[in-house]
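Throw the hints in and build the complete structure from the sequences for me.
There are 4 protein chains.
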Amino acid sequence: MNTYKKNKIRGKEVTDLGLGNNIFDDNQRVINRDGSFNIKRKGIPFRESFSVYQWLISMSWVKFCCLILITYLVVNIFFATLYYIGGDANFEGIETNNNFDRFLNEFFFSTQTFTTVGYGRINPVGVYSNIISSIESLTGLLSLALATGLLYGRFVKPVAKIIYSDTAVIAPYKDISGLQFRIANKRRDHQMVDVEVDVLLSKIENDKAMFYNLKLEYRKVSFFTTAWTVNHPIDEDSPLSGMTEKDLKDIDAEFFILLKGFDDTFAQVVHSRSSYKYNEIVWGAKFVSLYGKDDDGKTIIELDKISEYYKVALPQLELKTG
Amino acid sequence: MNTYKKNKIRGKEVTDLGLGNNIFDDNQRVINRDGSFNIKRKGIPFRESFSVYQWLISMSWVKFCCLILITYLVVNIFFATLYYIGGDANFEGIETNNNFDRFLNEFFFSTQTFTTVGYGRINPVGVYSNIISSIESLTGLLSLALATGLLYGRFVKPVAKIIYSDTAVIAPYKDISGLQFRIANKRRDHQMVDVEVDVLLSKIENDKAMFYNLKLEYRKVSFFTTAWTVNHPIDEDSPLSGMTEKDLKDIDAEFFILLKGFDDTFAQVVHSRSSYKYNEIVWGAKFVSLYGKDDDGKTIIELDKISEYYKVALPQLELKTG
Amino acid sequence: MNTYKKNKIRGKEVTDLGLGNNIFDDNQRVINRDGSFNIKRKGIPFRESFSVYQWLISMSWVKFCCLILITYLVVNIFFATLYYIGGDANFEGIETNNNFDRFLNEFFFSTQTFTTVGYGRINPVGVYSNIISSIESLTGLLSLALATGLLYGRFVKPVAKIIYSDTAVIAPYKDISGLQFRIANKRRDHQMVDVEVDVLLSKIENDKAMFYNLKLEYRKVSFFTTAWTVNHPIDEDSPLSGMTEKDLKDIDAEFFILLKGFDDTFAQVVHSRSSYKYNEIVWGAKFVSLYGKDDDGKTIIELDKISEYYKVALPQLELKTG
Amino acid sequence: MNTYKKNKIRGKEVTDLGLGNNIFDDNQRVINRDGSFNIKRKGIPFRESFSVYQWLISMSWVKFCCLILITYLVVNIFFATLYYIGGDANFEGIETNNNFDRFLNEFFFSTQTFTTVGYGRINPVGVYSNIISSIESLTGLLSLALATGLLYGRFVKPVAKIIYSDTAVIAPYKDISGLQFRIANKRRDHQMVDVEVDVLLSKIENDKAMFYNLKLEYRKVSFFTTAWTVNHPIDEDSPLSGMTEKDLKDIDAEFFILLKGFDDTFAQVVHSRSSYKYNEIVWGAKFVSLYGKDDDGKTIIELDKISEYYKVALPQLELKTG
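Protein chains in written order, with the working numbering: chain X, 49 to 370; chain R, 49 to 370; chain G, 49 to 370; chain A, 49 to 370.
I should point out that these hints are in silico values taken from the structure, not numbers from a laboratory.
Treat the hints with caution; some may be incorrect.
Claimed, not checked - Pairs of lysine-lysine, DSS-like flavour, derived with a Cα cap of 25 Å:
no., chain 1, residue 1, chain 2, residue 2
1, A, K88, X, K268
2, A, K234, R, K205
3, G, K297, G, K234
4, A, K222, X, K268
5, A, K222, A, K334
The structure presented is a predicted model; accordingly, all values stated were derived computationally and were not measured.
Written out as structure tokens, the structure reads:
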């Protein structure tokens, strides 16, 4: 009987979880530390898989402002060209014989129309320019409506900002060991309640990627104000039972973390993801306490220490650093 | 004892699930492939069952833009008529004796008022035109407010874009068979987590439509980044146990699929629906792998192969193609 | 042993569910048919318990439009008065010696400023009028911002529109009876999925109001496209077991219904409430089928028949109409 | 055998729930009565932990209006300065030789541009002033878009307004005692359904803070229209079993309350938090009834009595006031 095998593969097995069960390349992580996925997709036309909304919502503010300015420029050049085509009898207030000056005046008239500021010194008198400008001002209003939605979406996008400790540790826990990592809420004023964490182990087995749910000491906390040390006790049922540091490397282990909770400020459920690769696990270590006293004797929590640990001996023989 | 019957009707039975249990016409699907329902309703006045919001949100962008343009035209003709009725002493800046020209000028003045561009060359001087134009500019602002909400609703409508394989297959699974179909997330950048799938079998039995929940190998995946082969093992408890391809046709089988998951970009739970009719099931087939390597040796997933399968022999005698 | 008592009080008892357990007046329903509550509250200052948002969101469209018009009028009279106080040297374009005419001109100037239409024939030249008008135009913009939110809130308020059958029935069900009522989705285009129903019995017992959860044949349906007959089997464990029509009256029975489901169009969970008082229960009746065929032989569902029933004999002796 | 210990530590223990398990200072509450947390954080740069959105959403309306006015002033002074730098040939309509007057005129022109009111008496003629003003009017529109989102966020922020009784009581309950507190919905028109309550006991044990979930008589009510007396029966399994008033003080007990429910008006799940410190528990008391009759004999509920109680003897010997 292959006891070794039996010791190695335990816990609730999850074969296909949308990640595919082919072999990933060595050292290629599936989930990046910032929660994004590291998988290349092919076969869906760009037009169908691309989401304009996602693109506009997730680009940086600098890029977003540039994009708005460029769009503004392009739209006004477009309408200025239309006005220019209409000829010089179409406007009151443009008194120039220079063609470039006329275009410039029509460009500024266009900006005044698009933003509906409409000073009126330059104003349309012909039917043609009136029609174009009535369409432009409508376009301006609808663009404002769109911008409102986009800015709202960008500004209030409900995302959890969770700090994960740089490494996970294998720490002594009761009579056995535990796989532990530490998380904290980065946001000072966004309280999170009803927070749940799921941890999955991905490993290579017979040239196939397999996934296991790790049982946690606590899956859920009602209040998550400061920091939480998530703990997977490595008991007999754990898929990590009896494994060494080298074993983890051999099976190309990666631990996926999925966190969700209710954010008070957004009044919505928010999510966060991260992962630890086998080489981000410290064997035989405990996290240092985050709690201290300030000058007034009040309890404070020092979040810059979230990744700090000290080495300790592991209680069990089965868990040796390879 | 009617063993045949007993073999045929198993699993948790669901008699009435809002679909009614009358006999549907042969070959009439209940759920279309795009997730819409195929049932005609009667007896509720149009005014009460019609939802303006749903109509405005779900029409195509082309139609929506036309609708806005037409509304803009109609509103301005309406106000221009009101101004016209007021007579020609009401405005400054309209210097014409031609009635059509006056109407045209008042029409353009109306557009300038509605969009609040207000150039001011033409401007109201009489009490009548001032009252009308102050109402029109308010109307314009409120219309903008409405448009903002609508455009936001259209743009950020949180819908899952799921690709379903064209057919489901009856594939060998362990010692038995499994009903399998494949799904993938169409959106490149919208990550989905906590995805759940329910599959229901609808069948005709004694001239009544009955519904059965099918037990899945995995109902839920934490991460759904690429593709997921949903699998219903056809074991002894399955309502499909012992059935042949012809049996499925005889009972007019349709498999309903309901998927829900949390979409990262929308920060909301999204849903998707689809169904497979008995003639969209391939007996004795397996889906081809989606995974390949690109030129750099990196793992890629080829989503255009999502419906591709190859024929295999089924392991069990009970499952014969009719 | 008091068997009668034992027969009468069964099921999971719920003593306090936010409704209080005092005796309600005879025939006073707790929940109105439209889902609103029939309980008077006292002791919280109006200012604290009143919600402006709720008031603005739930008033009729006619009232809402009137409110906007009146606010518009009041705001403009206010600013016109401020302009008037500033004296006649403050504006260009007002050429009148008549005080009322001046006020009228300043009123219209105010509307042009508030809506930001700003024709400019009348325009501020003094510092005083410039300051006031710069504040007014800002006020106008912020009012527009508020109106946008409000109109969005009113327009897309996610409410389930559920039709409940006018009466519930006590119908034969298998060997026993069942308390049944019928519900349908009023909205043509808003699909609902994952719909759950809870039914509570409120009864007077020893001068105290007690509440019982009624066990349903199906609590949840995945798809709710047309109509659903909710059924509470009156088995031995039911608090209704052995009761007669007169018993229900004696205990002042009221059945509370709470429905929730996911609305496809709103992409959100929506709720609906209703209740049946003892005198809205028909003993010994079955609902007629809603299904028919149209001229083309296609299945249709006739929702105007949702409350129609026909009388039948009840299978059990225990359930006699009083 | 240490029976005392065994009596003291019962119930489901929760060691780490994001609150840390260090010793808090005596009398320092963890959760304030208004639901905010009383823990100082350190180590995360202000820029990263500060949330602009949270700050703008949660400040008072008075502060918010001041902030808007000041921003408006600053922005216009900024643009006026830019116009002023451009020199006096850039504008039509400014007829003054006084520099301060020119700046003032340019300031008001700036307000007219930013709010897009654009009267047009003063209007840009030079290229420089045209460019600046076209940027300013765009800035104005985008600011409006942002303000719209913010005002919407402030106005419709979905928060539960729950009144908690000033004190909790230890009241007789069946043969034993119960820890009880009373809650009510402050909002007149916001109906809440599907309300759930969690109560946690925090206590000091061996110099460590430990947390226990308290089992409630009812954790959830379907309807929460008026008031609900939440009750934790102090049975053998309760961590409070056998404790006296002095014991509670010795372990520095604090009871955390987490409430969530679906708010009808916001159509969303809302949360509320509070806590009772050991000195806010009245031993041997019952809450008075909230129900009364008004002049018409209709049942009313008097919410101003929510904290009123009367002293009663406790049924059990184990529970003595210290």
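Hints and how they fare:
Only pairs whose Cα atoms come within 25 Å are accepted, and A/K88 paired with X/K268 is accepted, the gap being roughly 23 Å. A hinted pair counts as satisfied when its Cα atoms are at most 25 Å apart, and A/K234 with R/K205 does not qualify at roughly 33 Å. Using a Cα cut-off of 25 Å, the hinted pair G/K297 and G/K234 is violated, with the two alpha carbons roughly 31 Å apart. The straight-line distance between the Cα atoms of A/K222 and X/K268 is roughly 32 Å, outside the 25 Å bound, and the hint therefore fails.
Straight-line distance between C-alpha atoms of A/K222 and A/K334 comes to about 13 Å, which keeps the hinted pair within the 25 Å bound.
Comparing the model with each earlier hint shows violations of hints 2, 3 and 4; every other hint is respected.
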